[in-house]
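Colleague: Below, each chain spelled out in residue letters.
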Amino acid sequence: MHVHSYEKIWLALGLGLILLLIGSVTYGAVGPGVSMVAADQPTVDPTALDEDDRFAEPRVEQVGENEYEAYVVAFQFGFEPDPIVLPANSTVTFMVTSRDVTHGFEVVGTNANTMVIPGEVSTLTVETGGPTEYGVICNEYCGAAHHGMEGSIEVVPQEEFEESAGGSSDGDGSGGDQ
Amino acid sequence: MTATADAPAATADDGTAPDDGTGGSEPGTETFYDRFPEAARIVRATFLGAFLAFAVGTTFGIIQTLHRTGIARPFSSVDYYTFLTAHGVFLVLSFTIFFLVGVFTWALVRSLDRPLVNTRFSWAWYGLMATGMTLTGLTILAGFTSAVDVSADVLFTFYAPLQAHPLFYGGLAVFLVGTWLAGLDWWRTFLAWRREHPDERIPLQAFMVLTTTIMWYVATSALAISVLFFLLPWSLGLIETVNPTLTRTLFWFFGHPVVYFWLMPAYLLWYTVLPSIAGGRLFSDPLARVVFVLFLLLSTPVGIHHQYLDPGIAEGFKFVAMTNTMFLLLPSLLTAFTVVASVEYGARVRGGTGLFGWLRTLPWRDPAFTGMMLAGLMFAAGGFSGMVNAGMNINYLIHNTIWVTGHFHLTVGTAVALTFMAATYWLWPQITNKPIYSRQIGLAQVVLWFAGMALMSNAMHAQGLLGVPRRTAEPTYSGFEYGSAFGGYGELNLQVAIGGTILFASAVLFLSNVVLTMGNSRTDGLAETLAEPISGSEDAPLVLDNIRLWGGIAVLLVLLAYALPIVAIVQRGGLFGPGGEAYPMVLDALAILAEQAPDVLVERMPDVLGGGWAGGWP
Amino acid sequence: MGTTDGEQTAAGLLEDPKSFDPKGTLALILVYFCILVTMWVYIYFVEFLGNDLIVVG
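Chains as they are written, first to last, in the numbering used here: chain L, 1 to 178; chain V, 1 to 618; chain U, 1 to 57.
Derived by calculation from the structure, the hints in this document are not laboratory data. Wrong hints could be hidden among the right ones.
Below 20 Å or equal to it, Euclidean Cα-Cα: the simulated EDC-like pairs (lysine to aspartate or glutamate) are [claimed, not checked]:
1) V:Lys434 - V:Asp79
2) L:Lys8 - V:Glu474
3) V:Lys434 - V:Glu538
4) V:Lys434 - V:Glu30
5) L:Lys8 - U:Glu15
6) U:Lys18 - V:Asp539
7) U:Lys18 - V:Glu532
8) U:Lys18 - V:Glu538
9) V:Lys434 - V:Asp366
10) V:Lys434 - V:Asp149
11) V:Lys434 - V:Asp524
Small disclaimer: the values here were computed from a predicted structure and weren't measured.
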């Protein structure tokens, strides 16, 4: 089969482009350490989240030195807790699940973005910076009032976080939902 | 698959004798309508079905554009999702696939120079497709009224546990069976031709139709399983629950190859019609075959790239899907070269000179030529955003933002739709013997589509980078404001609205032109011929025509890519899921929400003004 | 590769189509390639890796 030499050049460049793309993605994974939402948590029963100690009371909890976990429940049409209060300059792992339909969890203007599928727990770990505020939205159509589904994240100084969240982080549940 | 019984009847139907063995060459004095009047009527019917869907789909498109951007909201934000579901289903399932079966029927019959084996069978698949799509379409449209307890506001992707009325799934199944029988029709016609011409190469257009049909069978197998074994019984109350991750995965098993299914008729037209309109010749028949084989092999084992941000699927599976996807760039890159070179040959033969100067000698006043070229240019731009979508971890940046909507309005919304409109200006006279009402309006129309889409799609990509979500009636929120890059959210909204309005004007011009063309009387002398390739099928290795081999490898690749992920999903969540209720998007629930939704916004207004945060809702 | 210097003439191309060298196509497609690579580098390394809240686990 005859292939024109120009087209061979193009084919070689095309293969080079593909390698550049796969190479960039691999660099992102091993260099800055970007990791994908994956299958690292067992499934949960979306109708029995009140029996799961993470999601019965959606909250932010300290799990290690400067390490926190944020248990978030998405539902038609909102997020719990709201706002999600996080300490500045810490490592936070979001664990997000849904108690009804498929939702999205997008921290607007950032890379924190995941599908939220009933029965599955999405986990993503991020490093917070200084104090700031973010909007959180559902970016997957979830029903008639989908456009009203939003939440928020408040990143506050460490001291302020300890004052406000002192009650809920030791597990007495006073800071949970109502 | 035998066609013996039907062959004589078909010959009688079309009133033409089987051809004498020249194969693939179209007599210059005859149009398709002259030579195959029965097949021409079927093609005409499929095109009219496509244009009806296009009319409704684009009307809904402009309503959504103006609603989303807040320019005009004559309907409620709840109705927005009914419009959105209909816009998606009518344009990407109905418009594209009805036009596709027309183009494929034309291309197969033309290139084999042989009538379909049984015209009654052809009308049967057309009838099934039309019935199925009508059922699904009416079920969606019933969402506008609470007078009937029927609705399907589940969008084009119908992710469980959102649940549509059973008629929605049932109609889809009937439509799907119609497309399968269309494929069977083409294969039977091909096999009949093969018996008459045992030693000939498969003509290029027929080869494209046949490989794409196999791809379609592979792709739709998963959709059929999802609908028939899970979603339809679930919507009928026969099973209690489904596994949302499983039905989602089965959807995307189908959902990626379907985009190539839309694209393949456009490729067929670029490879086999565009060079001739430009006065050129296809640069390489063998490479065109290679490209279609690559699409058959690689279109399906990539669907998980739509699920990069899904929980419940291991990162390794996602990486495999990404590498497969990246290699799927190759056939499109090759196509860009081959098609442009074929056109350049035409320009050089017309006396074009210089490195870029030859572009001036091309027939830019011809709406079919200009439309297809602009469609190809937009596809090149869509290629870039497609690379980004394919790039696994960069999905954190753009997943489910309106960037993605911008992307597929370049691909299916322009590369495919604009090629179909442009091709109509060339093809419609061939299948009806009626000249186009106005080629000037046609030219203006294709240029307007290009301009409108350039504006709208570019702004959508930019908004996506700001984090603006897709699939929402009101992308303005009370608790935060989008970043100000790329001109800012407000200015980009204006660009989307202006672009969308131009697109709608273009759609109106196209449809008016078609309707006025139908009023023309039939005339002689419209026949067009297609030029032979520069490097013809004699240069293509015989193994390329072994569609059985390629089909086998395609199935094997799909098994390799999907067996482990699907087993893992079922092991994790069970065949019918880890529990959970159905959320029917039906009945009065919608009416209640319709009343509540505006209140929510009113409740939140003070928060916007005060900068504070409302509690959860409801 | 056909003629390497000067323009290929229209008559020559009609007579021997296989001598056609699509150098205009090659030029266009190289421009496209450069645009693709530049935009990819920008969006991946600036827009994506430079964004807030990189997901590291």
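Colleague: Run through the hints listed earlier and report the numbers of any the structure violates, in increasing order.
Modeller: Violated hints (numbers, rising): 1, 2, 3, 5 and 10; every other hint is consistent with the structure.
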